[in-house]
Each structure stands twice: as C-alpha cells, then as structure tokens.
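**Q** Full structure from sequences and hints, please.
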Amino acid sequence: MTIQSIDTSPLRRRHEDRAGAMPGQRLTAMGRDVLSRYGLLVGFLVLWQVSAKTGWVNPSIFPPLDAIAAALWKALASGRLVGDVAISLQRSGIAFGAAVVIGIPLGLFMGQIRSVERALDPILQLFRQTSALALYPVFILLLGLGETSKIFVIFWATLFPILLATIGGVKEVDAKLIEMARTFGASRLTVFRRVVLPASVPAIVVGLRLSATTALLLLIAAEMIGANKGLGFQVMNAQYNFQIPLMFGAIFLLAALGLTANAVLVTLQRRLCRWSEVTR
Amino acid sequence: MSVVETTRRGEVAIRGLSKSFALNGQRLNVLRDLRLDIRSGEILAIVGPSGCGKTTLLRILAGLEVPDTGEVLIDDTPVHGVGTERAIIFQEPRLLPWLTVLGNVAFGLDVRGDARTYAEEKARHYIRLVGLTDFENAYPRQLSGGMAQRVGIARALTVQPEILLLDEPLGALDAMTKITMQEELGRIWREEKVTMILVTHDLEEAIYLADRVLVMPKERGASIRSIDIDLNRPRDRSENRFVRQRKALLHDFGLH
Numbered sequence: 001m002t003i004q005s006i007d008t009s010p011l012r013r014r015h016e017d018r019a020g021a022m023p024g025q026r027l028t029a030m031g032r033d034v035l036s037r038y039g040l041l042v043g044f045l046v047l048w049q050v051s052a053k054t055g056w057v058n059p060s061i062f063p064p065l066d067a068i069a070a071a072l073w074k075a076l077a078s079g080r081l082v083g084d085v086a087i088s089l090q091r092s093g094i095a096f097g098a099a100v101v102i103g104i105p106l107g108l109f110m111g112q113i114r115s116v117e118r119a120l121d122p123i124l125q126l127f128r129q130t131s132a133l134a135l136y137p138v139f140i141l142l143l144g145l146g147e148t149s150k151i152f153v154i155f156w157a158t159l160f161p162i163l164l165a166t167i168g169g170v171k172e173v174d175a176k177l178i179e180m181a182r183t184f185g186a187s188r189l190t191v192f193r194r195v196v197l198p199a200s201v202p203a204i205v206v207g208l209r210l211s212a213t214t215a216l217l218l219l220i221a222a223e224m225i226g227a228n229k230g231l232g233f234q235v236m237n238a239q240y241n242f243q244i245p246l247m248f249g250a251i252f253l254l255a256a257l258g259l260t261a262n263a264v265l266v267t268l269q270r271r272l273c274r275w276s277e278v279t280r
Numbered sequence: 001m002s003v004v005e006t007t008r009r010g011e012v013a014i015r016g017l018s019k020s021f022a023l024n025g026q027r028l029n030v031l032r033d034l035r036l037d038i039r040s041g042e043i044l045a046i047v048g049p050s051g052c053g054k055t056t057l058l059r060i061l062a063g064l065e066v067p068d069t070g071e072v073l074i075d076d077t078p079v080h081g082v083g084t085e086r087a088i089i090f091q092e093p094r095l096l097p098w099l100t101v102l103g104n105v106a107f108g109l110d111v112r113g114d115a116r117t118y119a120e121e122k123a124r125h126y127i128r129l130v131g132l133t134d135f136e137n138a139y140p141r142q143l144s145g146g147m148a149q150r151v152g153i154a155r156a157l158t159v160q161p162e163i164l165l166l167d168e169p170l171g172a173l174d175a176m177t178k179i180t181m182q183e184e185l186g187r188i189w190r191e192e193k194v195t196m197i198l199v200t201h202d203l204e205e206a207i208y209l210a211d212r213v214l215v216m217p218k219e220r221g222a223s224i225r226s227i228d229i230d231l232n233r234p235r236d237r238s239e240n241r242f243v244r245q246r247k248a249l250l251h252d253f254g255l256h
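For the record, the sequence lines run as chains A and B.
Counting from 1, position 31 in the first sequence corresponds to residue 31 in the working numbering; the numbering is continuous, with no gaps.
Counting from 1, position 231 in the second sequence corresponds to residue 231 in the working numbering; the numbering is continuous, with no gaps.
Hints are computed from structural coordinates only; laboratory data are not their basis.
Note that beta-carbon positions come from the ideal geometry of N, C-alpha and C, so glycine has one too.
Don't take each hint at face value.
[Unchecked claim] Ranges of calculated distance between the beta carbons of each label pair, as one might list FRET restraints:
(1) A:S36 / B:T117: 30 to 38 Å
(2) A:P122 / B:G171: 36 to 44 Å
(3) A:R26 / B:T117: 51 to 59 Å
(4) A:L40 / B:H201: 54 to 62 Å
[What the hints assert, rightly or not] With a Cα cut of at most 27 Å, we get these calculated DSSO-like pairs of lysine-lysine:
(5) B:K178 / B:K247
(6) A:K176 / B:K122
(7) B:K178 / A:K176
**A** Given below as structure tokens:
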C-alpha cells in the first residue's frame, strides 16, 4: 500500500465536496450524476419499447416492455414462477455457501504453506481451466440427474475463484508486516489472525464477487440442460412454448437476481475494506 | 555527555559477534568478532556505507537474525529471538492499513493480550507525544510519509521498551521533515530515557542525536571505530564544534 498525502485522500476530498456545495447545486450535480450513469440504460429501454410498439422490430420476438412486465407479474402473482425462483436460489445458494465454507479455509491454509501451494497449483490450474459445464455430464454420471449434480457443478465452478483469490491474497501479504508483528512477540496464530487474515480480506471479497457471477451463470446452464424447475428451465420452457414475453420476464428476473447478489457483495466489500481502495 | 545511570535497564553487551552470508557461492563476512558495550540510556549511532553490516547488526540485536558466533546480552541475559524489552522502528513505517492510527499504535500491546482499554489509553499517550492526536482515527493511507513514520515510532514506544532499535528510520523522508523528526527523536529520548541504537547513513543525524558514533568501514578487516560526541544538548547544527565533528567524521570515510 502506498502512502498518500493527506491532501489527496479520497475521504477528505469527498468531505470537502459535501461541505462546499449549496443544496440547489448539489441537487443538479446529483441529477447530472444519475443521468451520466443511467442515461444510456434508460435510452436503451426506451428504444426497445418504441421499436416494439412501432414495429421496427418484430414484436413477437422482441415484445414491448409492458407486455413483458405484465407476463412476469402474472407468473409471479399466480405463484407459478415463485417456486422456480426459490429452487434456483436454493441451488445456487447451497453451492455458493459450500464453496465459501470450503474455499476460504482451504485457501488460507494453502496460501500459508508454500510447499502445499506449490504441489497443488498445477492440478488447481488444470481444474480451473476445464470448463465446469464440460464436466457436467461426468457429474451427472456420478451423482445422477437430480439436485446433487446440479448443485455440485455450480459448487465446482464457484470454488476455484474463491480458492485462488484466497491463496493469492494470503501469498501477497507483505512479509515486512509479518516481521513487524513478530518483533512485538506475536505468535504464529496471532500473526495469522491479526495480519494475514485482515490483509487477505480484499482479495477474498473480490473472489466472492467473481464466484457469485459464476454461480448464476452455471445455475442457468445446469437448469437448461436437465431440469424441470428453476428460472433457467423457465427461460427455456417459455421459448419452446413460444411464450416470448414470459421468457424475457424470466431473463429480467435473472438479471435482477445477479444485480442483487452483486449489490450485497459490494456492500460487504465496502464494509470490510473501508481502509483499502479496492471498491470497484 | 554522559547519562547518569540510575538503573541498569537497557544495557547491551555484544560479545564476539560474527555473521557471514553466502553470496554467489562466496562467504561474505559481514561482521567479524564484534565486541561492544552500550550503556543504559545511551544513544549509539551506527554509520557506514551500504553493505557494511550495520543493518545486519541491528537485526541481530532485534532477534530477527541469528549470529554465526558470539552472543548479545541484554541486562546480562542472552538474547534468543525477539523480545518485548526491545522494539524496532524500520525504515518504512510498516503500518497495518486496516487499522486506524490508534489501532496501529496499540498493536504492540494488543498482540501481547493487554486489555483493549489499557492498550488504547497507553497508545493515546504516545500519539500525543508524537503530535498526532488529531489523527487518532485516520487510516494509514491518509497520512503523509512523515506522519506515518511518527505512528511507527509511537507504536514502538507504546510497549515501553528498554531498548529502541532504529533502522534508518528517517531515511525515506524529505530533508525538512527529517530535521523536525530528528529533533522529535531527541525530545522523545529525553522524556523516555530509553537506550537507542540508531542505524543511519546520515552523519549529521548521527552527530545531532548520538552520544557515540560507531563507524563501520566498508573494507573487511578494517577496524570499527567508536567516536564520542561530546556536545551539549540540545545541539546546534551550525555551531563550530558540530561542524568540526562532522568534518572529522567525513574525513574518517575519506571524504572532504
């Protein structure tokens, strides 16, 4: 970590911004901020709606947004889609949770012991570079077509980002900080708890965010291949039955799920890594 | 000037210390049969060019390196590894970026298992001593280089060591900050009465702070010289005797 002068500290700057601006100016500044950030997105949605309504695009393939919203609302209100959301959340949740519970401790252990890390790295790289989806048939053979193989394929794909990020985080810990702690008489365990662990947190959280994205990706793929429930299945099923508004509704629901998961993790990152600058 | 010895705390005896490293297949003798006594409450500066072994000596005193032969006694007890009666201030502040200034300064007592309230009370005292009271809740990345180094100094002082080991602590600072910090170290020494062993490559810094300057030559085999600095404190860098002392030291290194 580099040392910055107090004058250029982001914290200080933000504080001055807030103190210096008048309420009115602040509101316009906020408006400009929102516009520059979300303007293109709104434009895209408006374009979609207008194109579908006026028939610039085929509305049976790109239905207008209000039709999609209506289809989605109907499916949710009738409870049809609620069960699918629940099972999708359950699958990805269990897999992600297991990857966290196994990946972080394993990564902390592996990162600390150089010989273990060296010995395991090649096989980890091989596993990581092998697409989890390519292994899905293998998992189905081993675990059957039920829930277990679906959860396992998501788990498999989410484990590696967490594991590798944790190992990387532990390995990157500044040896000089560890030495500093030792000069105060800190034991190995204390050095781990007070230096290695907190120093690795930013890397671990980045791994969690990568994994969460992967979890949703694999969830949909697994549900499209062999499921009769779940959001991924509903997207596929709606397309087979040519219920295009419902299909888009399910897709938007998935996007919302991804955004929510990311928002939760960004909040976690802000809270845990207030001291660092890795808030992306 | 001599320090009145009321206690024997923080006395260092170096007995026949040798250390060599392997470099490109060759044995490199960094220290050879070094003998030295450091009085309680003394400031000893160790100067010499890069590679003369001054940092190695300090690291052995800290317990971070083990000598090949010989031993170090602190208050008649041989040194084995790190110990809580010694604290080291490194060239870089080495602050933990996730802790505030207060958390960093309290760190030494914290890892010893002292109660949080006690550790923080102690830490606040030394934060005041180094003049950072207003920055107690700042994070290291919000501090300038000089401020960060002062946090490092406060952290070392908070554990109330008998011996303070300083490894070029002001080496990375700009000239102005350096002078301020040298004055501050002098003030801290007067208040804390701690034995200080200061490794530096800055001759003026050595003369300004030390009771005695140890000159370590680059050439192996050349003898290590010890020079008493007999100037009144607080010292004046522009005073004739100070300038003469500096000239004599420069001469020692073959510089003019």
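**Q** Each of the hints needs a verdict: does it hold here or not?
**A** Against the structure, the hints:
no. : hint                        : in the structure
1   : A:S36 / B:T117: 30 to 38 Å  : 48 Å, violated
2   : A:P122 / B:G171: 36 to 44 Å : 42 Å, holds
3   : A:R26 / B:T117: 51 to 59 Å  : 41 Å, violated
4   : A:L40 / B:H201: 54 to 62 Å  : 57 Å, holds
5   : B:K178 / B:K247             : 21 Å, holds
6   : A:K176 / B:K122             : 25 Å, holds
7   : B:K178 / A:K176             : 23 Å, holds
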